[in-house]
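Given these sequences and hints, build the entire structure.
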Amino acid sequence: EAGLIDLGTFGGPLSEAVAVNVFEEVVGWADSIGANGAVSARAFSWSAGSGLVDLGDLGGYRSWATDIDIYSSFICGTSETQAGDLHAFFLNPASGGMVDCGTLGGSWSQANATGNMTVVGQSQNTQGFKRAFLWSSWSGMSDLGALNGGISNATDISINGYICGWSSTGNPGEVHAVFYQSFPTSQIIDLGTL
126 EAGLIDLGTF GGPLSEAVAV NVFEEVVGWA DSIGANGAVS ARAFSWSAGS GLVDLGDLGG
186 YRSWATDIDI YSSFICGTSE TQAGDLHAFF LNPASGGMVD CGTLGGSWSQ ANATGNMTVV
246 GQSQNTQGFK RAFLWSSWSG MSDLGALNGG ISNATDISIN GYICGWSSTG NPGEVHAVFY
306 QSFPTSQIID LGTL
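Be aware that the sequence shown starts at 126, since it is given in the numbering used here, and climbs by one per residue.
Rather than coming from a laboratory, the hints here were simulated on the basis of the structure. All figures in this text were calculated on a predicted structure; none of them were measured in a lab. Any given hint could turn out to be false.
Computed list of lysine to aspartate or glutamate pairs in EDC-like fashion (alpha-carbon distance at most 20 Å, straight line) [unchecked claim]:
#: 1; residue 1: Lys255; residue 2: Asp281
#: 2; residue 1: Lys255; residue 2: Glu299
#: 3; residue 1: Lys255; residue 2: Asp225
#: 4; residue 1: Lys255; residue 2: Asp210
What follows is the structure, encoded as structure tokens:
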């Protein structure tokens with residue numbers, strides 16, 4: 126039956142659903158009210174059977190789920206660490222808690238999408254640049270590169286590993302859509318503009 130379903134919150138005023146898979150599992154974030162009355166965002170998953178479930182955090186209190194694998198329950202997002210930094214996370218609900226994806230050497234990272242047990246997003250590197258990354262449990266986080274401008278972001282990954290995003294080109298204020306090609310060689314392809 127068609128209709129709008131209120132997924133609720135964890136006691137706070139706001140919530141946002143950001144992704145859904147083929148099994149009608151939804152992820153996003155919802156406000157929670159702490160013991161001191163402070164309102165904080167918490168990553169959640171929702172299904173008709175389980176309702177709203179708090180996915181936890183990386184040692185801080187705030188977290189946001191940003192994507193769920195289209196054909197499975199793998200989830201990614203961003204969470205505050207115990208040190209107060211924001212790190213990308215990967216979560217396999219069947220095997221336990223959040224996995225900290227780390228960074229490219231800087232202080233923060235953020236996850237945008239997950240597919241086939243991998244995560245893509247953006248992270249600060251050791252030079253302070255914002256760079257697109259690919260993370261997997263078997264190889265960790267790797268820099269996907271950028272066009273001449275040095276700044277990039279990976280925004281989505283398909284079930285078979287194709288990655289898209291954007292990158293600065295080196296010309297002031299110019300950003301282009303990009304495709305990250307893995308085979309037969311690894312390269313970043315400038316998709317241009319219209």
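>> When the structure is checked against the list of hints, which entries are broken? Sort them ascending.
In response: none
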